[in-house]
Amino acid sequence: MTVRTSRRERRRQARLEEQEQSIPVELYGLRRGTVPLLTALAFLFATFTLIPIAWILINSTKTQANIFETFGFWFARPFDFFHTFSLLFQNVDGYGTYIQWFGNTALYAVIGGVGATALSAFAGYGLARFRFRGSRVAFYVIIAGLLVPITALTIPLYLTYAKAHLINSIWGMVLPSMVSPIGVYLMRTYAEISVPRDLIDAARIDGGGELRIFFRVALPLMVPGVVTVLLISVVAVWNNYFLPLLIFNINTKYPLTVGLGLWSGRAVNSGDADLYPMLVMGGLVTIIPLIALFLVLQRYWRGGMLLGSIAN
Amino acid sequence: MADTLTRAARSHPAARGRLGASWVQRRDRRGVWFVVPFLLGFLLFMLVPLGYAVYTSLYTYRIIGGTSFTGAANYTQTLQSGEFWSGVIRVIIFAAIQIPVMLAIAFFFATVFDLGVAKFGTTFRTIFFIPFAVPAVVAAVMWSFLLEPQFGPFTRLAGALGFSGTNFFSPSLLLPIIIVIVIWEWTGYNMMILYTALKSVPRDVVEAAILDDTPLWKIIVRIKLPMVRSAIVMLIFLNTIGALQLFTEPQILASFYQGAVSLNYTPSVYIFNTAIAGDQTNLAAAMAVILALVIVAISAVSLVFRLRRGEIR
Chain Z
1 MTVRTSRRER RRQARLEEQE QSIPVELYGL RRGTVPLLTA LAFLFATFTL IPIAWILINS
61 TKTQANIFET FGFWFARPFD FFHTFSLLFQ NVDGYGTYIQ WFGNTALYAV IGGVGATALS
121 AFAGYGLARF RFRGSRVAFY VIIAGLLVPI TALTIPLYLT YAKAHLINSI WGMVLPSMVS
181 PIGVYLMRTY AEISVPRDLI DAARIDGGGE LRIFFRVALP LMVPGVVTVL LISVVAVWNN
241 YFLPLLIFNI NTKYPLTVGL GLWSGRAVNS GDADLYPMLV MGGLVTIIPL IALFLVLQRY
301 WRGGMLLGSI AN
Chain C
1 MADTLTRAAR SHPAARGRLG ASWVQRRDRR GVWFVVPFLL GFLLFMLVPL GYAVYTSLYT
61 YRIIGGTSFT GAANYTQTLQ SGEFWSGVIR VIIFAAIQIP VMLAIAFFFA TVFDLGVAKF
121 GTTFRTIFFI PFAVPAVVAA VMWSFLLEPQ FGPFTRLAGA LGFSGTNFFS PSLLLPIIIV
181 IVIWEWTGYN MMILYTALKS VPRDVVEAAI LDDTPLWKII VRIKLPMVRS AIVMLIFLNT
241 IGALQLFTEP QILASFYQGA VSLNYTPSVY IFNTAIAGDQ TNLAAAMAVI LALVIVAISA
301 VSLVFRLRRG EIR
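For the record, the sequence lines run as chains Z and C.
For the first sequence, position 49 matches number 49 in my numbering, and the numbering has no gaps at all.
For the second sequence, position 226 matches number 226 in my numbering, and the numbering has no gaps at all.
Wrong hints could be hidden among the right ones.
As the list claims (entries may be wrong) - Listed next, the stretches of chain Z that the computed footprint assigns to chain C, with coverage defined by at least 3 CB atoms under 8 Å from CB atoms of chain C:
(1) 119–125
(2) 241–255
Said to hold, decoys possible - Some chain C residues well away from chain Z (every beta-carbon gap over 12 Å; in silico):
(3) PHE45
(4) THR60
(5) GLU83
(6) ILE89
(7) ILE93
(8) ILE97
(9) THR126
(10) PHE163
(11) SER268
(12) THR281
(13) ILE290
Claimed, not checked - Listing some non-contacts, in silico: residues in chain C with all C-beta distances to chain Z over 10 Å:
(14) MET46
(15) ALA72
(16) PRO176
(17) ILE177
(18) ILE219
Since the hints were made in silico from the structure, they are not lab data.
We treat Cβ as the ideally placed atom computed from N, Cα and C, and that holds for glycine.
Just need the whole structure built from these sequences, with the hints factored in.
Below, the structure is given as structure tokens:
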């Protein structure tokens, strides 16, 4: 089939393709200086984008006093990075340990994200490639689910949990994260495009069970869509603040967002512990895995799918 | 694997014909089981809570007398409450400024990168997209530090530029800085979507325009813009829905600089404070239902728009 190519080779090819697609700049008949001007504007916005990131990188090395007293965009002595980093593993103010929140977030994001992706892939495939009684209704129900705002759902979930004794239960966080109408919608669209009906029929003639056909034939073809949904779901759980803020009231269950939110409130008042450097370091350690994940999985992103994904 | 199966299918045309439609139908019914797990979750974690919230909103708890059925009382109280409406008006002002500014920036850079008229387009695109990976809580914390009223680098910069005593957390500047934060968070994402939409504009249309000596700005406004209009309309809807739910940024700014953000700053903040701090869960449920209905109405309009254009089949 295809010849295995090195990553560098593939990148080079992608670049060549892109060059072929885009029209050479000279043809636009631009005034001289237009390209430098536009590049400068892009540079300005890139600076705006990177300012907070640069600030958090630089200030993760500073002591509390230096964060406030020294110039924000340059380093200052003493170099406190490793000391502050080690504090993330301790319960400094008695209100919780960062590393535990990190573990909680990772746990919620992995279970919630994988669960949401699995349920979405199953349902999306089922809706795209089967016609059964009620399949049309099921599809419209899911579309209606797209309309329900997350914030509006959070208070109802909280009220229900209070009644059902699910406050402080990790299932209260993880299970609703698995219900992703947008994920189902995206997977259905993707299955429609990428899994040919004939192929499924052929597999049936070969005598595979439906589940086996799904895992062996359909799922491999749906991988780019699966990655997109996984990414969207993991990010959604990782970023979720409102739901965990409501449903957890013991700090050993907090995810990162709620823990950092708590620190940002306590840092102002706490006389005993230097919470500001920990808040900065905590923020830095929170964003690094996600930025890394994005850069690694970038080529899987399907722009058209992005459009659907902002419904949340 | 795929090849073998296709070949198998081709070699059994008779088999396909003989088994016929009834065989396919029977198999198809099994599709239900693919959808059932999701629908179960959907029932338990969307429909049941929403139903329970509506039920709760019809009752009122009083210290004397306990919980009693009060019908629409919580709804009338919410709709007559100036505190609720001031939050609603604030998020509308927020949306009216933030969304056009953000989409203008996003569209501008999307076209620039699509046309390839700036250098290092790929690098800039990646950089612009980075904030999408930053949780809103962390974004709000970083900007809170940068804008901190006494020591924040931007406060000092404002002082150096002659605006000494600038307090970004003061009532008049609070909404503008939240707008800046949200623009920072979402512009790259919106740009990526528009960039992808622009990529689907046929190349020969643009080439023909170039041959006609059409100036660049005309190509952008007359050709590119109309072709991504549906994407832009969708983004307006989706960003509006997001804006109406604004919660994390004001909530974090409130904890960072106490007293700056009122308890009813946005509808979501108000609902949160009513439920938790105020302990009036019945009233909060009514507010949540009202907010949900408003957003569902807006989303439904956008859905009809999408169905009409055939984007959802």
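Status of the hints after comparison with the structure:
no.: 1; hint: 119–125; verdict: holds (count 5)
no.: 2; hint: 241–255; verdict: holds (count 4)
no.: 3; hint: PHE45; verdict: violated, 4 Å
no.: 4; hint: THR60; verdict: holds, 14 Å
no.: 5; hint: GLU83; verdict: holds, 17 Å
no.: 6; hint: ILE89; verdict: holds, 18 Å
no.: 7; hint: ILE93; verdict: holds, 19 Å
no.: 8; hint: ILE97; verdict: holds, 17 Å
no.: 9; hint: THR126; verdict: violated, 7 Å
no.: 10; hint: PHE163; verdict: holds, 17 Å
no.: 11; hint: SER268; verdict: violated, 5 Å
no.: 12; hint: THR281; verdict: violated, 6 Å
no.: 13; hint: ILE290; verdict: violated, 9 Å
no.: 14; hint: MET46; verdict: violated, 6 Å
no.: 15; hint: ALA72; verdict: holds, 18 Å
no.: 16; hint: PRO176; verdict: holds, 15 Å
no.: 17; hint: ILE177; verdict: holds, 13 Å
no.: 18; hint: ILE219; verdict: violated, 8 Å
When held up to the earlier numbered hints, the structure conflicts with 3, 9, 11, 12, 13, 14, 18 and fits the remainder.
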